[in-house]
Amino acid sequence: MIRFENITKSFGSRLVLDHLDLQIRKGELTFIIGKSGEGKSVTLKHMMGLMRPDTGHVYIDGVDITTAEEEKVRDIRKEFGILFQQAALFDHMTVRENISFPLRENTKLSEKERAFRVEEVLAQVGLHHIKDKYPNTLSTGERKRVGLARALSTKPKILLYDEPTTGMDPLLSEMIDELIVKVNQEEREITSIVVSHDLKATLATADRIIMLYNGCVVLMGTPHEFTTTEHPVVRQFFSGTVDGPMEFL
Amino acid sequence: MVSQMRAYFIYQASTLGAFLFFLRQVGRQAVRGPFRFREIFFQLEAIGNHSLPIILLTGLCTGAVFSLQIGGIFQVFGAESLTGGATGIALATELAPLVTGFLLIGRVGAAMTAEISTMVVQEQVLALESMAVDPIHYLVVPRVLASMIMMPLLCGVFMAVGVVGAYIVGMGLFDLDQGVFFDRLLHMVTFHDLIAGLRKMFIFSFFISIICCRGGLMASGGAKGVGLATTTSVVIALLVLLCIDFLISYFQIRWL
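Protein chains in written order, with numbering that gives the first Met the number 0: chain P, 0 to 248; chain C, 0 to 255.
Just so you know, these hints were derived from the structure itself, not from any lab.
A couple of the hints might just be wrong.
Stated by the list, open to error - In silico SDA-like links for lysine to any residue, alpha-carbon gap of 20 Å or less: (1) K44/P x S219/C; (2) K77/P x Y58/P; (3) K44/P x L216/C; (4) K71/P x Y137/C; (5) K107/P x P33/C; (6) K154/P x V132/C; (7) K77/P x P33/C; (8) K71/P x S219/C; (9) K107/P x D133/C; (10) K107/P x F34/C; (11) K77/P x L125/C.
So that you can see chain P by itself, here it is in the shape it has in the complex (with noise of 0.2 Å):
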């Protein structure tokens, strides 16, 4: 469904993403893991191509990206969902505001149906009660829950996480990770990609598992493979000591 090939990209004379080759499988939950600074929301935002890449082709369905249209490429994106590592809500506007608003511009839907469905998103992330307030008086958790509302509301094919947990207390890690496992459930039809430190998290969730390292992937597995693995970055990753192969800038 997703597919990366040979995708280089850099950032002045740093080397983020080196000829990164990569597949994403359809209706899976997969987890891209890896090191701070390893191009993990680099390899998410050329996904939806809000990156283009150096060298190489991105494909969503078969289609590549990087050569297309920019209106190809615009209705593209109207398949994908995106919670931003900070929830990037408009502050302008209310909950509901930010909610109907993808609705309004790339459904047909009636203002009476738009509403219908951002109580039903609403309702899906247990927040039915705030929609008339600000983003600026939400807590990081329910900015995080409405960020997720706001890309279900027009029902994509593939939902991307950015880093859903970091920076939360273990509690709202945990209610954010089964908000994920959840959504995946309930929606079947959905492609779900979350870049994510929370290793404890990935191994029970994941469906596939793919691990950066310097630009490139180490590992593309099951949560069952990661742990058995002797590949020694992995190794060292998941046990989390300073001793070992990988490098830290």
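Given the coordinates of chain P, assemble chain C onto it according to the supplied hints.
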């Protein structure tokens, strides 16, 4: 030294190229539907209603001070009856568009850059793109269109209250006759002068909004990036305004 100069010129040329490309994008997005009337009306209110008090106050003061200065000089020659007309011409052709432009750069332009750059650093602009919404179509076009409608109107208000300021000074300090004041004003200030001033402001409004919106979209980093983007946009807009003012005035005087 030569290589440094070359690098400098290449940088400036690429900046100009990027700006022209941005103008092209704005032009393309401006004619593409859907037309965002809601956002345009919101911006009209933000630019117009919220700037009106400062425009009224500054216009009144500018008209009063200018007529005080020019009236003092005219008094030496016994020609203080010309105060109203001279102030009217100065306001219509130069003072109103320039001072309104400066005020609106500070109040509206800075706000545009700060708002958009905050959206950039908080990934809100990226969120727009992720929802297949073009940021130029959603953020820039309504601001540019609203500026081009509202800023010339504010300039017209500035001219009108400037004349009121001049009238107060003329009546109060120079004991001018009301009839003489308005007769000279209407005789000296032509419709052409008023149009020249409004046309100038129309061109200024385009550049103010374009420069400030682009400054916002180019921002990077956190709070420091927002501050830097805002300061840079305001300074560039002020300098561009002065250059354009000179060019327009030159062409108006030479050819019109």
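We went through each hint and held it up to the structure:
1. Only pairs whose Cα atoms come within 20 Å are accepted, and K44/P paired with S219/C is accepted, the gap being roughly 17 Å.
2. Restraint check: the Cα-Cα separation between K77/P and Y58/P comes to about 15 Å, which is no more than 20 Å; the hinted pair holds.
3. For the hint linking K44/P to L216/C, the alpha-carbon distance of about 18 Å falls within 20 Å, and the restraint holds.
4. Between K71/P and Y137/C the alpha-carbon distance is near 19 Å, which keeps this suggested pair within the 20 Å criterion.
5. Distance check on the hinted pair: K107/P and P33/C sit about 13 Å apart at the alpha-carbon level, within 20 Å; holds.
6. A C-alpha spacing of about 17 Å is found between K154/P and V132/C, which places the hinted pair at or below 20 Å, so the restraint holds.
7. About 17 Å separates the Cα atoms of K77/P and P33/C, which keeps this hinted pair within 20 Å; it holds.
8. Note on K71/P and S219/C: the hinted pairing is violated, with a Cα-Cα distance of about 28 Å set against a maximum of 20 Å.
9. Between the alpha carbons of K107/P and D133/C the distance comes to roughly 18 Å, so the proposed pair stays at or under 20 Å and holds.
10. Note on K107/P and F34/C: the hinted pairing holds, with a Cα-Cα distance of about 16 Å set against a maximum of 20 Å.
11. At most 20 Å may separate the alpha-carbon atoms for a hinted pair to count; K77/P and L125/C meet this at roughly 14 Å.
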